[in-house]
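J.: Keeping their order, the protein sequence lines are chains A and B.
Residue numbering for the first sequence follows this note's numbering, beginning at 1 and increasing consecutively.
Residue numbering for the second sequence follows this note's numbering, beginning at 1001 and increasing consecutively.
Hints are supplied without guarantee of correctness; some may be wrong.
What the hints assert, rightly or not - Among chain B residues calculated to face chain A with C-beta under 7 Å, some are:
hint	residue
1	1026
2	1066
3	1098
4	1263
5	1264
6	1276
7	1305
8	1322
9	1324
10	1365
In case anyone wonders, no lab produced these hints; they're calculated from the structure.
In this text the structure is predicted, and so the values were computed from the model without any measurement.
Positions of the beta carbon are idealized from the N, C-alpha and C atoms, including for glycine.
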Amino acid sequence: MSLVFNEEQKLLKTSAADFARKESPVSRIRAFRDSDDKLGFSRELWASMAALGWPAILVPEQYGGLGLGLTEICCVIEELGRNLVPEPLLSNALLGSAAIIEAGSEEQKSRLLPAVVDGSGLVALAWQERKTRYDPAVIEASASSSGGGWTLEGEKVLVWDGHVADVLVVSARTSGAPGDRDGVSLFLVDKGAAGLKITRQQTMDLRNAAVLRFDSVELDSDSLLGKEGEGLAPLQVVIDRATVGLCAEMMGSAEAVFAMTLDYLKTREQFGVVIGSFQALKHRAALIFIELELSRSALMGACEAVDSAADNAAEKISTAKARLSDTAVLAAYEGLQMHGGVGMTDEHDIGFYLKRARAAELSFGDAAWHRDRFATLQGF
Amino acid sequence: MRWEGPKTGDGTIGEMLAWGGRKADWSKKPDARVWLDRMAEKGWTAPTWPVEYGGGGLDKDESRVLAQELARIKAMPPLSGFGLTMIGPLLVDHGTEDQKKRFLPEICRGEIRWCQGYSEPNSGSDLASLATRAELDGDDWVLNGQKVWTSYADLADWMFCLVRTDTENKHAGITFILFDMDDPGITVRPIPLISGYSPFCETFIEDVRVPRDQVVGGVNNGWAMAKALLGHERNMISSAFSEYSSVNRVVDLAREYLPGENGRIGDVHRRDSVAALTMDKACLDLTIRRSGEAAKLGQQPGAETSIFKYYATELNKDRFSLMLSVLGPQALGWEGEGFEGGELEITREWLRSRGNSIEGGTSEIQLNIIAKRVLGLPD
């Protein structure tokens, strides 16, 4: 394992970068927003991504996937993050289908994963509720057994790409109280299930998400994913890996906002010179550069730890998310400040990056939360 | 010789390590002398240098194995100092055959200790403005001027020094020269620092005659030599920095002074700071490793030295600052009753650490370098 990309990974990264540049400039999410687009992404473009094999990266080969690692999917996600590409790769590959791969039975995997591989089926993971914050055990949604099956009640929020998912993986309590480590179970729910209401959420950073309301939704016995009451462990594994994916996205968008800022520093003139010649701004730009380099190392370290199944992977993941959270927000805050008034206008793209930076920071554990988790894992 | 790793405080580091040189006092550490001699016999004080100059003749992989084995048995470095890490490697690359034969074996055996004459009272961050004069008189250069911040000049035998040989050209008027500190024209005065230690000296140079064959890299080519030396310094810095700011000590200290339940740090604010510091250190180590892997593949992102220098020194300052917070009022001691030895040491080391971001190129200079060379921001 290594902290630098190998040739295959570089190729994947270059192809994703080319794709994002040609097919999905930042103006796309602006257009989706301004036209109140029902999907917030394009099914045609998603099909092109599927043709490139991206949703298949993490799917094991016996189900038709590529059986590659976290580093590979992060290569792609980082490049998409650079342009805030809205297609549902992260949610589908690292949350929804990842939960099926992690917790599903042979039958469930064989049934559901082929559609993931060819891009025809979208899977979302519903793990957050209004009070969950960052601990997936803090949930109130419940599933009670009834007639050999289950009855699902409750609400899930911020289900990434939940508005278009064909299958939803939903966490619910089959016993215990919010916060208990035991009693969390995972269920497969069809988007058309009776009693399920899916409503799109409007998020400040334009990430596509939905609220799910379960009103006595009846599920078959085979809708249980994994073992009853033991869903937290696989869920945590999935969330941890998705956290690294989010870090990769943040890496790409932080580098993009920094590139945008550097460009502005080199072109905007005041007092008869470009503002990038002022030492007050140079030093701040250099500090952001240093943070980006350290963030890149933290991200690569986390990918390496997960792909090599290292014992301290969770520490490495927390280190990455804490660092990327701080860096992404710093790059966006400083970038906006250095752009001056134009940065405050909706017309300029930097606002999208600023909103995404903070939204990503506040998702899957912010820096302080991950420092606390890191300290606990380290025993202090 | 077992040891527990380096300490950054100047008060303690010299006592443990073998610096060599004519003024070395081996009476308190006779084992260190034996260890040095045995290692020097095998050429392993300078494992990668050619055998004919006293080195071990090992390639990079062999030398890495040797380093790993020495680390595994917790062996103390047989020899430390600027001879091995700075002037020696420069001579290997740029010295004349005579210079290599004359100086490298002495360096390998720890017979001479070196100091670096760069900074002057009026040439700090703007080093190339240095004014110590060298004028040719027959076959000798005659040196006059003053150097400052010369590390351990009072214990060194020889100085490698930047002098001005041309007043018309700034960078192209500097020459890299070597001379014996025993000359009666040399006066060395240690500078007491805010920490109470005196690791640095002022060095006064008055009519010191230096033979022409002690110029390295040619007359007026000293700036290129200084930059080449910086390349060697980079290797030293990156390996030194990963040891440099060990965070385990902070964790242990916080557990001891701010005890919570089950070995946790009781104060949530300090616990957060300790976690942040530990993660920062991990990210620095990863960056050093990543840069090494990239270099092996021939990728040179550039300015790594500046990133490491900036980040490691700022981190070390944060580390000691945090340790002071952890100690609380027990950090107030200078010496004597009422304070533990470890507490007094941390206070002194904290004071010493404030200079980390000044010496060897200030943090601001590192940021300038990054802004210019990597980011391409205009002057």
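J.: Next, verify each hint and record whether it holds.
T.: Structure-based check of all given hints:
A least Cβ separation of about 41 Å between residue 1026(B) and chain A goes past the 7 Å threshold, and the interface hint is therefore violated. Of the supplied interface hints, the one on residue 1066(B) is violated, with its beta-carbon coming no nearer than about 23 Å to a beta-carbon of chain A, more than 7 Å. The closest approach between the C-beta of residue 1098(B) and any C-beta of chain A is roughly 42 Å, which is over the 7 Å cut-off, so the hint fails. For residue 1263(B), the suggested interface contact is upheld, since its CB lies about 6 Å from the closest CB of chain A, less than 7 Å.
Below 7 Å, beta-carbon pairs count as interface contacts, and residue 1264(B) has one with chain A at about 6 Å; its hint therefore holds. Nearest Cβ of chain A to the Cβ of residue 1276(B): about 6 Å, under the 7 Å cut. The hint holds. With 7 Å as the threshold, the beta carbon of residue 1305(B) stays out of range of chain A, its nearest partner Cβ sitting at about 12 Å, so the hint is violated. Proximity of residue 1322(B) to chain A is violated relative to the hint, the smallest CB-CB distance being about 13 Å (cut-off 7 Å).
Annotation: residue 1324(B) was flagged as interfacial toward chain A, and the flag is violated, the nearest CB pair being 19 Å apart, outside 7 Å. Interface restraint check for residue 1365(B): the shortest CB-CB distance to chain A comes to about 11 Å, outside 7 Å, so the restraint is violated.
The structure fails to meet hints 1, 2, 3, 7, 8, 9 and 10 from the earlier list, while all remaining hints are met.
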